[in-house]
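Quick one: dock chain against chain with the hints and give me the complex.
First to last, the sequence lines map onto chains A and B. Under my numbering, the first residue of the first sequence carries the number 1, and numbering increases by one thereafter. Under my numbering, the first residue of the second sequence carries the number 1001, and numbering increases by one thereafter.
Hint data in this document are derived by calculation from the structure and do not stem from the laboratory. Glycine residues also receive a C-beta, built at the ideal position from the N, C-alpha and C atoms. Hints are supplied without guarantee of correctness; some may be wrong.
[Claimed, not checked] Taking lysine-lysine and the DSSO-like style, the derived pairs with C-alpha atoms no more than 30 Å apart in a straight line are:
#, chain 1, residue 1, chain 2, residue 2
1, B, K1211, B, K1374
2, A, K346, A, K301
3, B, K1024, B, K1352
4, A, K346, B, K1285
5, B, K1285, B, K1208
6, B, K1208, B, K1145
7, B, K1208, B, K1352
8, B, K1208, B, K1024
9, A, K301, B, K1215
10, B, K1145, A, K245
11, A, K245, B, K1215
12, A, K301, B, K1211
13, A, K245, B, K1208
14, B, K1145, B, K1374
15, B, K1211, A, K245
16, B, K1285, A, K301
17, A, K245, B, K1374
18, A, K301, B, K1352
19, B, K1211, B, K1145
20, A, K346, B, K1352
21, A, K301, B, K1145
22, B, K1352, B, K1215
23, B, K1211, B, K1352
24, B, K1117, B, K1145
[Unchecked claim] Listed next, with one range per pair, are the computed distances between beta-carbon atoms:
#, chain 1, residue 1, chain 2, residue 2, range
25, B, E1057, A, E131, 54 to 60 Å
26, B, S1380, A, H13, 35 to 41 Å
27, A, P250, B, R1037, 43 to 49 Å
28, B, G1277, A, E131, 23 to 29 Å
29, B, T1272, A, G204, 18 to 24 Å
30, A, R196, B, A1028, 55 to 61 Å
31, B, L1283, A, A283, 31 to 37 Å
[Stated by the list, open to error] To list a few chain A residues with every Cβ distance to chain B over 12 Å, as calculated:
#, residue
32, R17
33, D126
34, G203
35, A290
36, A326
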Amino acid sequence: MSMQRRIIFDEDHVAFRDSVAKFVAANVGPHASISTIWPLAANDGITGLSIPEEFGGAGIEDQRFVAVLLEELASVGAFGLAVSFGQALGVAIPALVRFGGPGMHAAWLPDLAAGESLCAVHCTDDGQRLEPGASGWSGSLTGVVNGSAARLLLVAAGDENGASGAVPLSIGDPGSVTRTPVAAWTQADIADFRIRDALAAEGGLLSAEAVAQMRSDEQLWLAVIAVAGARAIVDWTLAYVRERKVFGQPLMRFDNTRDVLGALAAQLAVVGSFIDQCLVQRANGPLVAAQTAAAKLAASKLIQISADQGLQLHGGYGYMREYPIAQAFADARCFGLLGGSNEALKRLLALELGSN
Amino acid sequence: MTNHESTAQARRMIFSEEQEAFRKIVRAFVREEMVPRYDAWQEAGCPDRAFWHRCGELGILGIDVPEEYGGMPGSRFTHSVIVTEEIQREFLAVGGLRVQTDICMPYFLSYASDEQKARWLPQLTRGDAISALAMSEPGAGSDVKSMSTRAVRDGDHYVINGAKTFISNGTNADLVILAAKTDPAAGRRGISLIVVEAGTPGFERGRKLDKLGLKAQDLSELSFSDARVPVANLLGQENCGFEYLTSNLAQERISIAVNSQAAASAMLAYVTSQVAGTGAGQLVKFALADCATEIAAGQALVDSALAQLETGTLLPASAAMAKLYCTELQGRALDRCIQILGPAGYPRMDCKITRAYLDGRVSRIYAGSSEIMKVIISQSLGV
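Okay, chain B solo, but in the shape it has when bound (with noise of 0.2 Å):
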């Protein structure tokens, strides 16, 4: 067994046995149903319908969730960041995926009253319904608090007007957790979060954005026109969404460093693959020793993360480390492996590293860019 085999093994070591069981299951479903329909869903801008309802079957869409609700019994975060992986295996990008499981679920989960689960939570694990986390807007990226878009109270109804930008799974989402100044004289304590769901009057998809890569990835702008919303949709308590979207946010940076790490790990091995037996030079050998060590260290962070966020200790600057560090390493990585595969490869489409290369770009910006998780950093440094 070569080093690297004994690395990928210990690393195996935080997967339990059932969970490598289900490794094998969502691995055969990415081969066998994803990959043979991914051109169609970059032509299409998304996955088609059937694909939620194959996750919800599997019990992807459920992890993580009662049973009661339609949960995968006994499955944890772990499970997500297994599926992040066998996609990433295959460079598939199905970000809405992880949108629906590893960012919008936990705020049903955590703060939906038991009515409201009730209501949304068995159409979301059975992929009967996308969901989507509307944060941003045109004038507010970093800035969250800054938003404009406003929900009034009229009776039992908020009527929401605004707009909001760069929403994954904006176009097709059924059920969308907006975020809206409630109060906008009280800046991050103005904030709530409510559920607007499709068909909403008032509620308008705005332009498919067009983007550099992600192009099975539906992003979106999302416009609201005295849209009435009720009161019953509101999630949590009114005014306190900035700190639910806070706590929350950890999570969402864990579940993109699994995704860049696994992305960086993917290509590795590809590139490996490809160079092996060629007589591979010195510098090739050099980058890929540079890259499989990068790879390792971004490794141990974001399993380090993954083990605090089950035992609930998870910092919010630890989960921006992991974010900042790993999306970093996906970047470096892959273009270490464009120089070395060569004209072969980049900029040609017959070759998977273009696609990869374009695709991971966002990720150093999304979900906070990699200089507001050094801001986030270096305040816990205490400076």
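Chain A with its partners taken away, still in its complex shape (with noise of 0.2 Å):
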């Protein structure tokens, strides 16, 4: 949709986008995941992108080239291994090189940024985290993205009042990680775990301000990628709603086509329009809770009214697969579920609105 040029990006993106357009045709199929796709990213130098040079990475810090990774995935209707290079390109990896001390930067970096080994991360605040004991860190973990694909996994620790760190865990015991069967997000090898009296890796735990950067990040990027992959749905609806005749003409010129497109136009704009001054304003630093919970929760409705609405368009075609809406629909109903949940959001920009 031209409505608006992306003014936040410069022609280094730009050449970049159009890189990682062909790395994604090219690479991208249909039975794709995070396994498979990371290592050969790793060769495009995509891995390594915001890994300081001395570790093998690009060194760049500027997190709208991440952005653009996860825009075109998401275009494409690739929404699992979108999620999973947000997870550890976005989430863990920046976090890792930020609060992470030197032995940590050299056991992990150099393997990430080669393409070695996958990161996971669970920071969400969802309630899940692990507990420390007497011999190590314990917990149940559900749904974890790259979980089954990933060497560390970086995990909110606390007790009863809450997380006061991350631990960073060698994923040693494959016993304790076991693949959950998903119909949405396939792409991202997720994975439960059960960790029993664990013991952190290389350089200890990540503080409390690590785990606010990784959630106010995982909802940045779940932004991002939400907003991406409306535009892309409305994009592959108008398409078809152009080419599509029906009653003798095409279902484009009908009034009822037309209210529905229109209002998402409008919410693209305004939606997306916020999620660009985020990122621009994400080159200061992490932003707070309150911007991107309320990103998060309006990108979340934006994507699944998207898919609903466009998959109704699409008629019967919408339900079957060969149309990537039908997948779509299903991929976008996690957006508002994972990663902090709607309701979550919700509560925490109500507590953030008397403390102004």
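In structure tokens form, the structure reads like this:
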């Protein structure tokens, strides 16, 4: 949609977008998953984007490059992969780089840059965390993105008062990980963990500030993916309704079609603009919780309604897997649930309202 | 007794004791014979033939059919409602059964000659023959009259050419009620219903369609290349097909409304049982209250339509309202229930709600989309 030029990107981002689009076209097929794509992405220098050069990365601090990658994945309907890369590149690695000590950097960053290992992270404020015991950290985690493909897991830890930090764990015991069959975000190698008396990997815990950054970033990237996904869905739907004839004319000519698309276009402009503002501000450090909560809430609702209405405009074909709108409908539903439910976000926003 | 339970009791007043006895038999059949096989049916893309024979044995395929043709004595459409509700209680999607009993059978009963009934009904009621209704085409979905499948009279036969898509039971059907143009110049007055039997040369099964959900439901394309079908297979009168379709669509839409309503009710009951005793917060309580209220409204609407169907007074607009409301309600209720269950539910395959949500999405599209229902309803308002 050319209604607004994305003024937040410069020619370097545009060039990167072209190369990512080529990578996606060449590598992301129907059976792709993060475990197959992550090493391929490393070959193209993607996994090391924000890793300092001394550890084999590109040392790029500008997070808009991450946004471009996630948007390109979302634009072909590869939502699971987009979320996977978001968690690894956008949440875990920046936190490791900023808050991890030299030991942790040396132990993990080179392998991540080289695509030889993948990081999963679960710091969402959903009550799931590890608790300290006499012999180590224990807890159960469900629905961890990248879980079954990752060698490193960063997970929120604390006690009944909440998370006070994040434990880095080296996933050694295969028995502790169970792959979760899912109907959406299927490329993200989602898994459940049962962790018993695990010891923190090299470098010890990351701080509470790191957890706050990871929560904020998780929401930001999900918002970015959701808006890009909504844009793609509207584009696919527009193409369909221009072609498809019913009662002798293109579906696009009907008032109902225009009403639905017009409302979505307005929402895309507004929500897209807010997300772009967030992306620009991210250059100055992690965003406050209320801002990313608002972004994720709005973007989640937008992708869900776009997918539902886009599917409806496709008619029977919208239910057929050969059309990307079908799986997009299944994928869209996750955004309001995972990485911070809509209800949790609204609660946070309401509490923040009172504190200004 | 809670208020919800007393509403449910009131609901059961529309069923007789004999029907409630039938419900027990069906419930046992679903639990003992369908649930254990359902995964295999999802793999195969359809239920096995043994399922159809069992449905025949239990009388399900003979609902509302005269006894002389293998029908279940004293049965009415309400019996089929019971079957649909019991299947949905276990969150199974076996819509091909409703296609046979609720959608195709009425065409045979209303428009088949005595000779045709004697030929076809016994096999249908025994479960030896599966039926399908072939209306939609790649280029004609909502706009039924613009179909292009052509049936040309040639002596004692029709020669049929064309393609159909989105045909439930298409892969396995032994008897396909095909809607085809016998007079292309006459628009809606040029459509005939012709029964095409499996094995007819020139009649090919096309692709099994890969759907978002409904994995155990057979949906496919059909193609006809100079397929020769005896004129003796014409249902009713030539060129009256559109009228027949229109008058039968009301029952089809009620059948779908019943299914969507049952799916929403079953999910509410499941989620409520999951939430009970967990110290649910206010948002969960309010969401469940919203669901329960909408579901009660949907139940009242569909039960009222069922009563009108029984007495032959069901208007197309009333059927359209029930279909529109109950399918949209299913979408809203499942969406709320997903949110209530949280990450322990969607999108995990080990949670019932995931499959129910994806299975349910098509209900707002098939048998006339919500938009088409609104066209019908607004016409009845005289605008």
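Hint check:
The suggested pairing of K1211/B with K1374/B holds, with an alpha-carbon distance near 26 Å, which does not exceed 30 Å. Restraint check for K346/A and K301/A: satisfied, since their Cα atoms lie roughly 12 Å apart, inside the 30 Å limit. For the proposed pair K1024/B and K1352/B, the alpha carbon gap of about 23 Å is at most 30 Å, so the pair holds. Proposed proximity of K346/A and K1285/B is supported: the alpha carbons are some 17 Å apart, at most 30 Å.
With a CA separation close to 42 Å, the supplied pair K1285/B and K1208/B exceeds the 30 Å bound. Taking the CA atoms of K1208/B and K1145/B, the gap is near 25 Å; set against the 30 Å cutoff, the hint holds. This hinted pair checks out: K1208/B and K1352/B have alpha carbons roughly 25 Å apart, not beyond 30 Å. Distance hint between K1208/B and K1024/B is unfulfilled; the C-alpha atoms sit about 34 Å from each other, more than 30 Å.
Taking the CA atoms of K301/A and K1215/B, the gap is near 28 Å; set against the 30 Å cutoff, the hint holds. A C-alpha spacing of about 14 Å is found between K1145/B and K245/A, which places the hinted pair at or below 30 Å, so the restraint holds. With a CA separation close to 29 Å, the supplied pair K245/A and K1215/B stays within the 30 Å bound. With a C-alpha separation of about 25 Å, the suggested pairing of K301/A with K1211/B holds against the 30 Å cut-off.
A threshold of 30 Å between alpha carbons decides the hint, and for K245/A with K1208/B the separation of about 24 Å falls inside it, so the pair holds. Our distance criterion of 30 Å between C-alpha atoms is met by K1145/B and K1374/B, whose separation comes to about 18 Å. About 22 Å separates the Cα atoms of K1211/B and K245/A, which keeps this hinted pair within 30 Å; it holds. For the hint pairing K1285/B with K301/A, the CA-to-CA distance comes to about 21 Å; that is within 30 Å, so the pair holds.
A distance of roughly 19 Å separates the Cα atoms of K245/A and K1374/B; the hinted pair therefore holds under the 30 Å criterion. For the given pair, K301/A sits about 23 Å from K1352/B by alpha-carbon distance, which is consistent with the 30 Å threshold. A hinted pair counts as satisfied when its Cα atoms are at most 30 Å apart, and K1211/B with K1145/B qualifies at roughly 26 Å. Between K346/A and K1352/B, the direct Cα distance comes to roughly 27 Å. Compliance with the 30 Å bound is thereby established for this hinted pair.
Between K301/A and K1145/B the CA atoms are separated by roughly 38 Å; this puts the pair beyond 30 Å, and the hint is violated. This hinted pair checks out: K1352/B and K1215/B have alpha carbons roughly 14 Å apart, not beyond 30 Å. Only pairs whose Cα atoms come within 30 Å are accepted, and K1211/B paired with K1352/B is accepted, the gap being roughly 18 Å. Of the pairs offered as hints, the one joining K1117/B and K1145/B holds, with about 27 Å between alpha carbons and a cut-off of 30 Å not exceeded.
Remark: the range hint 54 to 60 Å for E1057/B to E131/A is upheld by a beta-carbon distance near 56 Å. In this structure the hint that S1380/B and H13/A lie 35 to 41 Å apart at CB is violated, the actual value being about 55 Å. One distance hint, 43 to 49 Å for the beta-carbon pair P250/A and R1037/B, holds here, with the actual separation near 44 Å. With their beta carbons about 24 Å apart, G1277/B and E131/A fall inside the hinted range of 23 to 29 Å.
At about 45 Å, the beta-carbon gap between T1272/B and G204/A misses the expected band of 18 to 24 Å. Separation of R196/A from A1028/B is about 43 Å and departs from the stated range, judged on CB atoms against 55 to 61 Å. Take L1283/B and A283/A: their Cβ atoms lie about 36 Å apart, and the range 31 to 37 Å holds. Here R17/A stays apart from chain B, with its beta-carbon at least about 29 Å from theirs, past the 12 Å limit.
Not every CB of chain B lies more than 12 Å from the CB of D126/A, the least distance being 7 Å, so the non-interface label is violated. With a minimum CB-CB distance of about 29 Å to chain B, G203/A clears the 12 Å threshold, and the non-interface call stands. Residue-level check passed: A290/A sits 19 Å from the nearest beta carbon of chain B, beyond 12 Å. For A326/A, the shortest C-beta to C-beta distance to chain B comes to about 4 Å, within the 12 Å cut-off, and the non-interface label is violated.
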